[in-house]
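2 protein chains.
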Amino acid sequence: MKHTDISKLFQNSEDYLDREVTVCGWVRTSAEVKPMTFIQINDGTTSTKNLQLTIHQERISDEEYKSNIKPLLSLGVSLKATGILIASERNGVELEVETIEMLGDCPSTYPLQKKKTSVEFLRTIPHLRTRTNLMKTAMMIRSRLAYAVHSYFTQNGYIYLHTPIITDSDCEGAGEMFRVTTQPWNASYNTEEEYFENDYFGQKAGLSVSCQLEGEMAAVGGLGRIYTFGPTFRAEKSDTPKHVAEFWHVEPEVCFADINEIIEIGEDFIKYIIRDVMENCSEQLSFCDKFLEKGLLDKLNHVVNSEFARVDYTDAIEILQNSGRKFEYPVFWGCDLQTEHEKYLTDEHFKRPLFVVNYPKDLKSFYMKQNDDGKTVAATDLLVPGIGEIIGCSERETDYDKLVNAMTARNMPLENYQKYLDTRKYGSVQHSGFGLGFDRLVMYVTGINNIRDVLQFPRTYQHIY
Amino acid sequence: MKHTDISKLFQNSEDYLDREVTVCGWVRTSAEVKPMTFIQINDGTTSTKNLQLTIHQERISDEEYKSNIKPLLSLGVSLKATGILIASERNGVELEVETIEMLGDCPSTYPLQKKKTSVEFLRTIPHLRTRTNLMKTAMMIRSRLAYAVHSYFTQNGYIYLHTPIITDSDCEGAGEMFRVTTQPWNASYNTEEEYFENDYFGQKAGLSVSCQLEGEMAAVGGLGRIYTFGPTFRAEKSDTPKHVAEFWHVEPEVCFADINEIIEIGEDFIKYIIRDVMENCSEQLSFCDKFLEKGLLDKLNHVVNSEFARVDYTDAIEILQNSGRKFEYPVFWGCDLQTEHEKYLTDEHFKRPLFVVNYPKDLKSFYMKQNDDGKTVAATDLLVPGIGEIIGCSERETDYDKLVNAMTARNMPLENYQKYLDTRKYGSVQHSGFGLGFDRLVMYVTGINNIRDVLQFPRTYQHIY
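Protein chains in written order, with the numbering used here: chain R, 1 to 465; chain X, 1 to 465.
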C-alpha cells in the first residue's frame, strides 16, 4: 500500500478519517502508558505537527511487542505503519496501528537526543539538524519565500535570468572575491600573466559578488525587466551572526523606471512575499512567534498593512540631530547611518518601514545615478523596524560620461567594464533596481537571529561545515 | 504619463484601443513611406512581436521632422512615444504618434545591424544579443521553464533547498572540480597542508558538481521531499555544443520512494513543465518551430501526450542486437549506450520517451542502489526522441555496508563523506531522486542546438565571455 503524506492527513482529514492509511516517518517521541503505546512520527511534510501512532499493547503477544514494537521507541528510528485514521480531540487525528515495521534503526549514538540541544551544537551536525522543529520550520519558510519571489516577478512580467557565478568583474569593487582556478596549489609560474594564461579560463576568474551588472546588461540589453535569484559570494573575514561567505541574492532590474517607481515596486514586492508566506506558512510562523521572537506575527502584519514612509537623507539627518537623543556615533551630513540611527528613525520616529532616499554619493556605489545637486545619488535603503536595511535600491547612472567619471574616481579598470559601458552607448535607457539579501530576509521573517541557522549548510570564514 | 508594457497593448487591447497610451522601447526597424513614417519598437515584454508607431509626416514641419524624427530611425535607438492606440488589420494594434522623444541615441558603430548576423558573432556581444529575436525567445522560454520547475515541486510539497556551491566533496568522483581560494597566484608554501590551512576556509574547497549528496542529507535528514535548483560546475575541457563549465541543475530527492515511484514522478514532472511552457509561451514556441526546429511543436505535443515506455537495460541490449542494424559502436551487455543506440530505441523501436532501467553497476555512480543480481543498479535514464538522455534517475543505496563497499571500490576517501554516511546510520530510509540538466532541457524545448545560446553569458573552456 502506498504511503500518504502526514500533512494530508491533517489538512484533508475528511478524506482519510476511519479509513486505512499507510504512513512513513521518523520517530520524534514515544511513550508507553499501559495498556497503550504512543509513537509520534514526522515525515517532513509538516514542520512541528507530528502524527500520533497508537498501539494497543494487549492486542499483541508479549514476545511480538518486545521484538517488533520495543525497538521502534527510540528517537530517530524510521518506520512504516498502516492503520485506521481516527479523530482525536487532542491531536486532530491519530493512527490506530494495525501493522508497523522498522525501516531504519537508529543506534544510541544518535546525536539528537531528547535533552535540549544548543543551536551551536546543531550547527556541527547540519545533515541531521533538519530533524529539529527549528530547522524544519526555517527551511519550510525559506522555501515558500523563495517561491513567493519567483511568483511575484513572474506575475509581473519579469524574465528570470541565470547570470554567471564565475566572473571577471568585481561589481562592488570591494576586492573581496574568491578566486576560481584549476591550477594546483603549488603551480609555479614566473609571472601572473603566465599563471592565468595557463588556467582553465585563460584569464583571472572569481566568484560573483553581485549579479547586478549582468542584470543591467540584460535589461538594457533588450529584455526590459529581469530579475536574478542565485548565490553570490564574499570572501569577508567577518565572523558575525549576519555574515556568510555564500548567500542568496534577489536582484531585479527594471528599464524605463526611475527611483520613485522602483521604490513603489520594492514596497509592493516586500508586502507581497510577506503576505504570501503568512498565508501559506501559518503553522510555521506561529511556531516562530512562540519560540523565536515574541510579537513576530504583529511585526509582519504591521509591515504588510502600513504604507511605507519616505524621507530624504538630508531630512533624516536633521530629524536625528533634532531628536534630543544621544547617539554613540555622531550624526552629520555625510555620515553613514548606523544601526542606532536607523532604529531611531524606523522604531521611534516613523514607526513603520522607511525608504531613506538620496544618499551622499561618497557613501554609495559607482553605478548609481548622480543627482543634479552634485552631492547625492538617487539611491535608497529600505529600513524596516527591528532589523534595519532590508533592500538597497537605486536608479542607475545612464549617462556614459558621468558613469566613466565615477568609475575613474574609484580607480576601477575601465577595460574590464567595456560591455557594461556599452549599454550606455547603444540605446541607453533610464533603469533602476534593487538588491535583497535573501538569507537576511529569512532571518527577519522567522525571527532566527543567526544566519547560520537559515541555511542548512552555511559557509563561513574557516568553516565549510 | 506612465508608460504601458507593449505586451499589454496586444494582450488586453480592448482596454487600450482608441485611448492615449505611452510606450517605451528600442527601435527594431523603421521605414519612410511618404506620407508616413513607421517605426517598430520592442520593450522586452514581447519576444518577436513589435509595436508599430505611425507618424504622419505632413502633421510636422520639415524642420521638426528632420531634427526630431529622423534621428529616431536608426536601429537600437531607445525612445518614448505617446499617441492613440488604433486597431490594425496587419499588426493587431498600432500607435498613432502624437509626441515622441529619443531616450538614448545609438551610433552607427552599433554592432547589431540589419544584415543577418551569425550566432557565433552574437556570442561575442552577449550584452547586446538579448535584443535579437533568438535570444529574447530563448530567455523567455528559459524563464518560464524555471518557473514551471518551481511550481511543480511547490505544488507537490517539496521543500526548495539552497545547497552550498562551495564544497569539499566531489559527488561524481570525476575530479573535474574548480578550486576556490583566496590565496594569491604566487602563494608559496612548503606543503599542501600549510597552503590550505592558511586559505579562507582553512581547508581545500571547490565548486559543487552536483547538489545530490546535500539533497540526500536534507531529505533523509528529516525534510522528506526536497529539490535543489542552482548552478553546478564542471572543469571539463570539452569544447562541444553541449558543454558549459557552469550550468543549472534541478535535483529532487524523495524519501520513501523506490525506483518505480521516482520514474512516475520524473514522467509527471517532464510532462507538467512542457505543458506549462506550451500554454504560456505559445508565441515563442511558434517562433522556434518556424525558425529553429521544424516540427518542434509536434515533438513537444508527442512528449506530453504519450505514455513513456520502460525497458530493462538487459532487454534493451537484446533489442539492439536483434535490430539487424549495423552500429558504429558494438552492442554487448555492459556497454554504455551511445547516441546511435539511444536514437534507435527512442526514435525507431519505442517511438516515444523511454526509461532504460537497471544499468550495469560499473557504468554508474557509487550511490545507486545495488540490485540483488549483484550486477546491476536501480538506475534509469530517461531517453527522449531527438536528444537522448534528459534525466538521470536512481534509487539510492540505503544500506550502510553496501554503500561503503561501493565507495571503497572506487577509492573514495571515506573520511570526506562521514556526514553523508550518517544518513544510512540514523533512521535510514528508502529514497530516490533524479538530476536534470536545465540548460539541455531549454535546448530541447527551444530547438536551439548550442548550449552557448540558452545562457546569456555562458562560461566555457578558455572563455569567460
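These aren't lab readings, by the way, just hints derived from the structure by calculation. Errors might be hidden in some of the hints.
What the hints assert, rightly or not - No more than 27 Å apart at the CA atoms, straight line, and that leaves these computed lysine-lysine pairs for DSS-like:
#1 LYS80(X) to LYS237(X)
#2 LYS425(X) to LYS66(R)
#3 LYS204(R) to LYS204(X)
#4 LYS425(R) to LYS237(X)
Any hints from earlier that this structure breaks? Give me their numbers in increasing order, please.
As far as the earlier hints go, 1 and 4 are violated by this structure, in ascending order.
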